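K.L.:
Each chain is listed here by its residues.
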Amino acid sequence: MSRLAEWSRNARLRANEVLSAYPDRRSAVMPLLYIAALERGSVDEGAQRDVAELTGLTAAQVQSVASFYTMYKRHGVGEYLVSVCTSISCFLLGADDVLGAIIDETSTPDGETSEDNVFSIEHVECIGSCGGAPAVQVNYELVEGITEEKARELCRWLYGSRPKIVLSDEMQQLFGGTCSFDWGPAEESGAISAVPSLEAYGSAGRESQQP
Amino acid sequence: MTSILTARMNEYPRDSHELATYEATGGYTILRKALAEMSPEAVVEEVRASSLKGRGGANFPTGVKWGFLPPLYPRYLVINADESEPGTFKDRQLLERDPHQLIEGIALSAYGLEVNHAFIYVRGEYPKSARRIERALAEARGEGYLGKDILGSGYDLEITLHLGAGAYICGEETAMLNSIEGKRGEPRIKPPFPAVEGLYSKPTIVNNVETISNVPWIIANGGLNYAAIGPEASAGTRMFSLSGHVKRPGNYEIIMGMTWRDFIYDLGGGIRDERALKCWIPGGASAPWFIPDLHLDVPVTIDDTATHGSMLGSGAVIVMDETTNVVAAAHRIVRFFSHESCGLCTPCREGTTWLENVLLRILSGQGRSIDMDLLLDISDNISPGLKWPPAQTTICPLGPSSVSPITSIMAYFRAEVEEMIASQEAIIV
Ligand SMILES: Cc1cc2nc3c(=O)[nH]c(=O)nc-3n(C[C@H](O)[C@H](O)[C@H](O)COP(=O)(O)O)c2cc1C
Ligand code: SF4
Ligand code: FES
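Protein chains in written order, with the numbering used here: chain D, 1 to 211; chain A, 1001 to 1429.
None of these hints come from the bench; they were simulated from the model.
Don't take every hint at face value.
Said to hold, decoys possible - Label pairs and their calculated CB-CB ranges:
id : chain 1 : residue 1 : chain 2 : residue 2 : range
1  : A       : 1039      : D       : 24        : 28 to 36 Å
2  : D       : 118       : A       : 1225      : 31 to 39 Å
3  : A       : 1416      : D       : 188       : 16 to 24 Å
4  : A       : 1135      : D       : 174       : 49 to 57 Å
5  : A       : 1266      : D       : 8         : 38 to 46 Å
6  : A       : 1020      : D       : 160       : 33 to 41 Å
Keep in mind that this is a model prediction, so the values were computed, not measured.
The C-beta atom is built at its ideal place from N, Cα and C for all residues, glycine as well.
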């Protein structure tokens, strides 16, 4: 059963906007999966059924799309999804040790979620930050030029201060090092969960709104 | 040093992404002028005259590709911002630091191509890039640079931002079209090419972020002036992403033609800790490797790199020093392709898995003497004849790309691989 009726007004509004952005309803399936993830906490079967109803696709069609992409988390993830790049350039500069440190510090194996649901840890392929290797993301917000020790500190900080909005610039300042390029001025938008932070999805949080 | 793409961000490092800065530095005046004074054909002609080649990896001449569009409408323009080739991070800088340059480039290109709806496909792992584009699109709409009747010209253009969700293969242009259509991101069999039958089966042009970011300069200064920059056949400037064991990693916008020696030692500052250079990858994870003995004095151009059996590809230069275990490095790259194979073609799906497994076996100290031949044999099944450029029996070039690290270590580091197998020593991976 779809539970679209339970979606927040805001989410339904965004869903409508996304649906009208394309010449074909089916095209909205990817953005809708993000909005559904935000609304339901994961892209589980229920979320997929919601998206099927919105797009007029069958649940099987939606499932075949959802399962193709790594960022639709069908089993849900913790409060902080820590993605460690272990592709070639990061590997050359010690990414495996960074991953090891994060696994150790959070007591969470690669690909799993901690028992208290605070952390999910995953190794990922290149995240386009190779000039600032090794690179990690928290809820897809970037930290470049991290070290084993700083990675441990990052995990302890997340655990201790539980930021409601994960801000890339803040993490970079506290735990980062070499960047791929000059980032320029700090951004005030960040992620409110492990869904990429975008206005269109309602997933962007603003520093100024932080309580 | 001529900079085109990074001029604004170098001069205004604090606010190059702001609309006000863009406008204060001549931004959107070119669009205004083109809409008022140029025909669509004239815009296309400038791009053709510029000799601009695609910066997404295949180096295809942009003007020539644009010429393939049949006179059918609607047509679409899709901007490839899926940047996921390991080692590549240049488009991210262009998206984050100068989003309006890209948007004006899209508007000019779309006008030339008679397109009224364009898409920007940004990889899901680039939320900041997407937010910058999202905001810049809203600003451009607000100022009348996008939308209906742009600047009173009667020309309409809408641009839709589409976020990927973690799949390298969606960078392949036909997979990208499927992804936008709301399908699995699997490549299509070509022909038909997207220019003839693309998005929603309509004529479609797919171009890379960097490619299109050059268009405002080309229209402002004239195609021939662009063509005059740099060596023939490698016209213009180009963004390179330098990473690995160099002292100064980063993005560099350069005029092509310097030697690899100058690139690595002058631009990159040389190798960290004064170690010796072992090898480098000149054009992203898909490219065959280069070694100091043979390639340091080869010029960094599209043609010279190809003559020496590799490619500039996505512009990602990955440098490895003498401490690098080349089997471990090759394994890391093969593992990427194995993970990213969409699984449609048997040689790619099975072959990449086998390559990964055999390399892992060697790395875990259990290599067998037949493994060298086995690696080459599996590679030959994915890319028959192991030629360069590779023969392709698969639907897309991902499969054949996966053998580049294998042929490279076999050509240049065979003794080292042999030794690793003989030693039966485990390396942690
Ligand atoms: C597996 C694969 C991945 C690709 N990834 C990208 C990419 O991330 N970005 C890109 O611009 N082109 C990528 N390409 C190349 C595109 O298919 C296409 O050639 C390009 O976007 C065309 O734009 P251009 O002519 O401006 O380079 C990829 C190709 C393949 C086969
Ligand atoms: S070569 Fe590989 S990635 Fe490309 S279509 Fe075939 S299976 Fe998919
Ligand atoms: S290899 Fe890690 S960000 Fe590219």
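K.L.:
Holds or violated: the 33 to 41 Å window for the beta-carbon distance between residue 1020 of chain A and residue 160 of chain D?
P.N.:
holds, 39 Å
K.L.:
For the pair residue 1039 of chain A and residue 24 of chain D, does the Cβ-Cβ distance stay inside 28 to 36 Å?
P.N.:
holds, 31 Å
K.L.:
Starting from the range 31 to 39 Å, see whether the pair residue 118 of chain D and residue 1225 of chain A falls in it by beta-carbon distance.
P.N.:
violated, 56 Å
K.L.:
Does the hinted range 38 to 46 Å hold for residue 1266 of chain A and residue 8 of chain D at CB?
P.N.:
violated, 56 Å
K.L.:
Taking the CB of residue 1135 of chain A and the CB of residue 174 of chain D, does the distance hold inside 49 to 57 Å?
P.N.:
violated, 25 Å
K.L.:
Just to be sure I understand the hint, the distance between the Cβ atoms of residue 1416 of chain A and residue 188 of chain D should be within 16 to 24 Å; is that true here?
P.N.:
Cβ of residue 1416 of chain A to Cβ of residue 188 of chain D: about 50 Å, so the range 16 to 24 Å is violated.
Violated hints, in rising order: 2, 3, 4, 5; the structure is consistent with all others.
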